[in-house]
Each structure stands twice: as structure tokens, then as C-alpha cells.
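Read top to bottom, the protein sequences are chains A, B and C. End of the first sequence = 606 in my numbering, gap-free, step of one. End of the second sequence = 299 in my numbering, gap-free, step of one. End of the third sequence = 895 in my numbering, gap-free, step of one.
What the hints contain is simulated information worked out from the structure, not anything from laboratory work. Mixed in with the good hints there might be a few duds.
Stated by the list, open to error - Going by beta-carbon spacing under 10 Å, a handful of chain B positions derived as facing chain A:
no., residue
1, TYR14
2, ARG110
3, VAL116
4, GLN118
5, VAL122
6, LEU134
7, THR157
8, LEU235
9, VAL256
10, ILE264
The beta carbon of each residue, even a glycine, is placed where N, CA and C say it ideally should be.
The lines below spell out each chain.
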Amino acid sequence: MIESPPPMPAGAAKVSLFRRLLTHPTGVVSMVLLVLVALASVLAPLLATHDPNTASVQQVLAKAGSEHILGADSAGRDVFSRLLFAGQFSLAGALVALAVALILGVTAGLAAGYYGGWFDSVSSWLTGLMMALPGMVVLLAARAVVGPSMWLSMMIFGVLLSPAFFRLVYASVTAVRNELYVDAARVSGLSDVRIIGRHILTVVRAPVIIQSAMVLGIAIAIQAGLEFLGLGDRNIPTWGSMLNDGFINIFKSPTLVLWPALIIGLVCIALTLLANAMRDELERSRGPVKKSHKAAAAEAAADAEGAAEKRGAAAVVHADEPNEDAGEILLEVTDLGVGYDQPDGSTTHVVNHVNLTVRRGEVHGLVGESGSGKTQTAFSILRLLPQGGRITGGSIFFEGQDLAQLSEKEMTKVRGKRIAYIPQEPMSNLDSAFTIGSQLMEPMRVCLGISKAEARKRALSLLAKVGIPNPERTFDAYPHQISGGMAQRVLIAGAVSCEPDLLIADEPTTALDVTVQAEVLNLLRELQDELNMGVILVTHNFGVVADLCDRVTVMQTGRVVETGPVRSIFNHAQHPYTRQLLGAILEDTAPRGQYTLKELKGVAS
Amino acid sequence: MYQFVLRRLLSGVLLLFVITTVAYLLLYAGGGDIARRIVGPTASDAQVALKASQLGLDRPLVVQYWDWLTGALTGDLGRSWFNGQLVSAGVSSRLSVTLSLVLGATIIAAVVSVVVAVWAAVRRGWVDRVVQFVGVLGFAIPGFLIALGLVSLFALNLKWFKATGYVPITTSFGGWAATVTLPIVALSIGCIAAVVQQIRGSLIDALRQDYVRTLRARGLSFNRVVYKHVLRNAGGPALAVLAVQFIGLLGGAVIVEQIFALPGLGQITVAATGQGDIPVVMGVVVATAAIVVIVNLVIDLAQGWLNPKVRLS
Amino acid sequence: MTETLLDIKDVVVEYPSKGFRKEPFKALKGVSLDIRQGETVGLVGESGSGKTTLGRAVLGLAPVTGGGIKYRGREISKATRAQRRDLSHEIQVVFQDPYTSLNPSMTIEQILTEPLTVRKVGRQAANKRVAELLDQVRLPPGAAHRLPREFSGGQRQRVAIARALALDPKLIVCDEPVSALDLSTQARVMELFIEIQERTGVAYLFVSHDLAVVRHLSHRVAVMYHGEIVEWGDGEQVTGAPEHPYTQRLFMAAPIPDPDRQAQHRADRLRLLELQREQDVQAGVA
């Protein structure tokens, strides 16, 4: 079968970070402010009304007026002109620090991250050493030796700032180095230089620009701080030295301190806001991965909705097998809808009009491909939908009460005790900070109100029951000390610890090796038999369905398309989607066969 | 566990040794230039040489260092070149002022940050946006500008606090509190902004972890999961950023002490730096490095307690 | 007469362990295998069996510390970067995860021309080649200027296949290329693999944990366990009547998608485990 060309998503194409920043309100304001400050500093000789260093005894602490727009300082120098010229030195000093930090940090980060080895160890150690002392103290100590040169101080500060870039680049590079697309580039024969240029620099570029804005702000602040302490070069005007002068004369002329403080504050805020705006935009541009995924699911759901309405919206329902010994109805989901609220106020529906009935003692398979809504349906029964998700309609009746209407507090009493859950990924579902034992006992003590000693006894017997060879040792172990298969057994033990009536298992064997899967399936069967639970088994694997399930419900794009006893579904599927799924099963297809048999024999003889 | 503590302790001592050695070599490498700076540019070469030999600067650097190190190990950090005071006495008498500022600011920052971050991460929505925006501002404005603002508002205009001076806590707690409140607030604002961002981020990450759903599915309430499991898992990165902030505060304290005229480490550092009083500068470096090493050790142990993987591997 | 394309002989791969003077970790403990022109060799095993490592060793991405890998008689396990560059039009790769194997910031066209630029193909020729490749993997020509994130998992895997085909290789190492895909997508991508092989005569080293996938695609199958090949031979033979106890256990563990046959299969599996346990006991006694 040849697939028809897939539908192409519209829009996209890359837009530069700068152009996107222009649409970001705080981004634009910050950029305009920074450009103005930079321009004013560069054009200081044209804009200044006075020479910044000409002192005048008559003008000492002169008030603002026609002669001095912003007044004069303690030496009678014009504040406005000094502010402009100080901008040149303050900004240039900060840029020197930034340049040194960039050159050192980025190159060392690239080399250490990409090549690793001894260079990695040495530079990581040096970085730790540099970050061990406060920058201010190091600068002061350096000042004691090298004297009051601002340029030298800023170069030293640049060295001290380089770890900020080193760590960032190093982290990005080590993350990217192991990406499969870098491996693919290596297999294609690309040289290291080319790989770094093409795949790694592009990843590092944006974060480095963001970090640069932050670092520039820090450099301006620290430089002002140093000058403020009176340790700077007295021959050049800087914002910090003006601040110093203003602070000394704060009682005589309070506004003197205001102007440099204002400009330092504004520049630092603008740089930080700009960095944040860039980060926002960058995240937004990466965002569509999820969004388009969801949107695609939504579109598909909407399509399905339309199609279903045309067909009369009916799912195929197979009759029960006549001699089936049906238990009482445990769970009845009717007309369930699940939606996610979008930032624009609309709601994306991922589950629509789903009906589902589970009886006591029945294993009910919920089958479908990704985006079919099977996991969303399971989570909504537990009332544990991910952030932003909510039940938009329908009812979930469980032993006489509608779970969809319960308060969070009432629902907490149902979870764990009456309805339990087994997740897909065993490792990430255990809290790595607590021992297996404490994680088993805590909910038991809450749900059953038993003592610690009793909980411990029960936990140990549960661990033995789920086939863990040395329960005592596992009880005291942390999650990272046991294997995935063992972790899944622990999670199963936890799920059945309060003898629930309904068990929701979300792809419980998907993350496991096939031999472990067989064991876990056996365990689930035994436990289900013993406790006579109803089970909802969410899976995409028809082998697992055949092994465990009594009934099957097939879902596609948020809807139920077919439901019935397991044999009817396997043998008499009616809905085209179910048939397509069953048709994609490989188990029964013929093996590929031998490769050019004759030639093989020719080789052998 | 003992092994873990021992290993951290050893690496801390090693770090202290390396920092002080590097600092000593860099500070004293100047040799003759140092003496020249003290006696002034107009002095004759003979005067410079005399000063150098008075201060022991004419000996080989390694010999000077060995002398200093053996002294330092017994608590003797030498004497100031200018007032002849014992460096160890000068530093330790001022340490308590700086430490009370920095520790005060750190504790306030830790408590406030956890509360605000949990609030923002759990509630999200507008609360989160406001916290984020205020956080950015708090982070962006240099601490000494905040200090200047506080001085002019609360001390000079409203006259709620004294602008300058220090009362030891042993003399009067009220007096002490009145003199350190503004400096601590000034120091802690930037710190809070940074720590809130970090905790908020790691809380949001931790809340998305699969085990949160699984624990809730087992009947634990959302609040219990947040306070017992999520906070603990978010604690590691939070402690790390707190350690970095603490080091930053030690630097920030220098300027803030100057603004509020507090007799802390910052004051002697600035004075010594201006004069080129290298034994005192060296003493401050040793004290700072020791504090940093101790704080890092404490944070490391706390990390080990929070995260069994750190402790057991 | 078919030519042996790749000859893997007693390959050992060791990764240095963390920690002082610790034994290095042996991911492969002497593995031998050969692949002929136009043939698919399936490599099955569970996690940690070393199957992915073997694929990476062939690609020069894993440190081969013993044995050798010959491509058309040329030793390649110690190839330099320059020699690898020459090999890039012979051996290519398709990885498992279609989300991380394509650089998210490059367009499909940039991704597909990357291998071509190494071979200094002109711009016009490269563009023509991209169009051909997209057609080969049944993607519309308009896909060239889009970013990977705009495609579904199956479509991305088609892009990855197109990249592998760009230099007309003779051998493609496929590392679990359909494992992350949905059932029906998986079936279509597998048909694409077969179709390409029949048309171009490329050989595959097909690594997978899924027995059914390997059985469907492979002429010959090797089963790996703890860094060794425990069974190796004709696909029908290995997947139909396995001889090694581990292979037997592995094949009995996979559930059959039919309730009645699976019930039987399950019972057979328990009997097999019982039998093997008895044999182990006897062997232990003897």
C-alpha cells in the first residue's frame, strides 16, 4: 500500500530572533532605551554642554538651571556632560569585561564540552575555583596590587565572569554532542569544525546572546560598585564615580546621587528585561512542537467528529458472549469529554463522547494509537489530567457516585483505596529521594490508617507477593538501585496495596523487555484473579490485549470506534480503523524468507 | 555516609589551600613594586629597597610564602603594614558584623523565597506573572542602588532607622536590629529574586514529574505530595543557587557596609585596598575563602541528605 | 555470486568505567557476523544486550578494542575521520528516535544536503537530489523548506531515511527505526524499507527488540544476549525453530495477538521455563 502524501502543515519558516523581539513589548522598550544610552554616550562630544573634567570653584554643587541642566558636582563640573562622557567609559569597561568573558568562556566551553578528556577536567576545576570567591573580594584584592586602572579591573572581572559562559556552553555542548543528529553528521563524514559550526554553535548562539545581556548588566553594576567605593581611576568620569561623589554630598545636594543611580538602574533593568524577552521569544519559537502536536490532534478529533456525525456517531458495539458470567457494573463512563484550555481562550477537545463500561472481575482493554485519547480517558477517571486539562462533559459513575462531580477532597479518598493506577515508565514514577519502603508505606498509612509497624509488615509481604526475591533489601533500597522490571513490580505492589476495586494500568509493560513483560503480565493476571478487580488496561499492543483482556474498546482520535468481547474484536472486527490496526500486526505475516537461495547455496558449496 | 562527609571535608581543605596559595603568590609576586607603591613614586631606589627589606619582600617568594603558611596554620596572619595591628585580630573583630548581615540576608531570602516560589509555582496564572516580573526587577537592580534608595527613604527622609553606625548584638538586641535591618533588606532583595526564580523553576519541573501523579493516584493529597515530595526534589537546585548567592552576598556586603558605615570586613578591605596593605587583604581573602568552604560543605551535606544518589554514589 | 559486504569478526567493544582502576565495561564480547550485498540481517536482543553497540561499532561511533570489521575486505574498525568520510557513501544510518535524529533548527533541505556537501556536490545537483530523495520516501516536494518539528514521527523517519539514502550507500545500519512509531505507521515505514531495498539493492543491518519486525524484514537473524550472539542463521529458522535456550525463552515471551492461541502460547512458555530449569539442574548435577 502506498501512502497518500501526508498533509503539510501551513505557516512556519524561520523568523529571526531580532525581528521577533520587535513584537515583544518589554523587548522593544528595553532595546530602544539601550540604543538611546549607547548613542548618547557615543555622541557625547556633540551633545555635551561642558567639558566633563573642567572644575570650577564657583560652580561647586550648583543647582540645576540654565548654566547646568542637571547642576554641577562637588568640584563644580557639569553633571549632564559628565553623565554623557561617563557612559562612554562605563559601557566600554563593561564591554571589555564581556569580551574577555566571552572569549575565554565560549572557547573553553566548546573545547571541554566537545572533546572532554583532561581539558574538560581541568577547566571544570578552574571554573569551580573561580566561582569559590566573591567577585568583589577578588577585584578588591587585585586592585591592591594593580592599582586603580578601570581597564585592568574590568579585564580581571571578565576572567571572573567567564564561568558563566563556560558552564552554559559546556552544558549545551555536552547535551548536543550526544544527540543522534550529531552522530548522523559524523557518519556522513563531517569534520569536527564543521559539526561544531553547523550543529553546536547554532544551539549555543541564542543562550550566549541572552547570557551576554545579563553579564553586561552585572559588569556595569560591579564596575559602578568599585568606583562607588572610591577605588576607581579618578581621572576618568564614570557613573560609579559620580555616584560616589553624590553619596558623599547626599546631605548637601540629594539630586547629585539620583542621576547616576537612575541611569545605572535603568540600564541594568533594560539589559535584564531584554534577556528575558529574548528567552521568552526563544521559548515561544520552540513551543509549536507541542502546540502543533496538540493542534493536530484537535484537528483530527474535529475531523473525526465531523465524519462520525455523518455516520450517525455510532461506535460499533458487539453483543456480549451469551455464556459470559458478567459481574456487577463497576464503572460506567457516559458521554465523556476532555478538553485543554488554550491561551487564546478556546478549548481543544481530545476526548469526545466516550462511553465505557467496566464490570467487576473484568479486564477491559483500551486500545488505540498515540493521540487516540486512551490515556486521557484513563487520567480523567482518576481525575488526574495534566495541567490545563479538564472534563468538559459527561459522567463517570463508579459505585453510585459521579467521579466527574466530586470535589478534590472527596476524590482523594477514592484514589488509591478504591481506584488504583499503574504507570507506564517505572523509573520516573518512583520518587528518587525516598526509599522504596517509605514510598510503599506512606499511602498505606494515609489510606488505611494503620501504624508504621503494620504498614511495614504489609509492604514486605506485598513485595514478596509481586515476586521480588529479597523483599527486605528492596524495601531499604532507593529507586536508582533496582532494575526497571523490579521498579514496575514495586509500582504494582503499591497499586494493589489497598486492595482497590478498579485498577487503571496505563501501558504497564511498554517500557519493559519482552521477557520481563511476560512475567509482569502473569503477575497482573494472578493479582486480578485474587482480588477480583476490574481492570482498565491502556495499551497499543494487541499481544498484550490477547493475553489479558476480556473486553476491548478501540479508540481513534478521541472517540470510541468499536467495543466488544475480545474474541469478537479479533475475529469479527467491523470498523475500518480496527481492521486497519489488526491488519498492521506483523506476527502472522510470513517471514521475509531466504535471501536469493540459489546464490546462498552457491556460496556454501 | 562517613566516607561522603570525609571526602567533602578533604576537598574543602584542599580548596582552601589552593585558593590561599594562588592568592598569596599573585598578591606578593609584585615584590619591589609593592614597596615602591608604599613609599611613593618620588622615593629613591635605596628607600624602596629599605622598605622592601623591612617588610621582608626581598626574600624569595617561596620563603615568604612558607613563613606565612606556617604562621597561618597557627592562626598568625601577620601584621598590617600601616598600623601594625595583628591581621587576625582585625579580621576576626569585624567578621561578626559581616556574617550577621550575610547570614541574616540568606535566612530571610531562603524563607521568603520558598513561600513565594511555592505560591507562584502552584497557583500559576497572574500570581506567577507578577512574581516573575517583580523578580526580574529585583534581580536587575544592583544591590547597592537598593541600599542607597533605602537609606535616603527610610533613614534620611522618614528617619525610621539610623542611617549609619553599628550596635553589637551583645550590647543591645534592639539596637543591633535597628542598625542591621536596612542593610539586610538591601542585601536580601536581589538574593530573593534569584532564589525565587530557581525554586519556582525547579518546582514547576518537579510538579511535572510522573511520580507526582502516581503518588496522588495512591491517595495522597496534592498538598502532601507538594510539601513532602516535590519540595524535597526541588530542594537540591535551590540549595545550589543559595550557595552561589551566599558567595555573592559576601561581595555585596562590602559596598553595603560602606553605605551604612558598618564596621565589617568590607570596611577594612576597602581601606587596605586603597593603601595597598597586602597582609590585611590576604587576611580578608583567607577569611572569605574559609567561610565559602564551610558554607559549601554545609550545602553539600544538605544535598546528600536530600538526594540519596549524591550520598550513595 | 553475491559479495560479502561487511565482515564482523570477534569484535570487542569496551567502555572505560568511572572510578579508579575499575575494569572497563565490556559491551561486546567477541561478536562475529557478516552481511551480503542487498541482504537484511536482523539483530534482536533485549536492552543491554549490545545490539545497538554493534550497530554503532560498524558506524565508527563505538570504541572497538578487539577483533575487526571489514567492509569489502577493507578494515574499517580503526578508520580515521578522513577514511570515514570516504566510507560515508558506502555506510549510512537511520536512528531510532525520529525526534532527536534531526537537528530541530535545520530545514529538511539543509538536513538532506548536509551529506552531499561533504562530497562537494554542486548546489543545483544537490537541489535535484533532494527532490529525488523526497520522492523516494514519498514526501511531497514542498517538505524541503520546512522544519522537522512540523512533521509527524513517521514523516520524520522518512526524512531520516532520505538522508541515509542521499549518498547511495550500499549498507544502512538501522537502529530500531520503527520502534517509536505507531502500529500502522510502523507497517508503512517497513514497507518503505523493503521497497527501497528491492529497488536499490542496499543491505540493512536492522537492529530491533521487536521479534515480529525483525522476522518480517530479515533474511538472516542474529540473537544477542549479554554482549554475545547466542544464535545466528537463516531468519525463518531462527525465528521459527530457535535452538538456543535464551532464544527460545525470548520467542515464547512475546504474546501472540490472538486470545486463544496466546492462551496456548502462555502455557507452552511456562512448560518451556520448567523444562529449562530441570535441564539446568541436571547440568549442574552432572
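- Query: Are there hints from earlier that the structure breaks, and if so, what are their numbers?
  - Reply: 3 and 7
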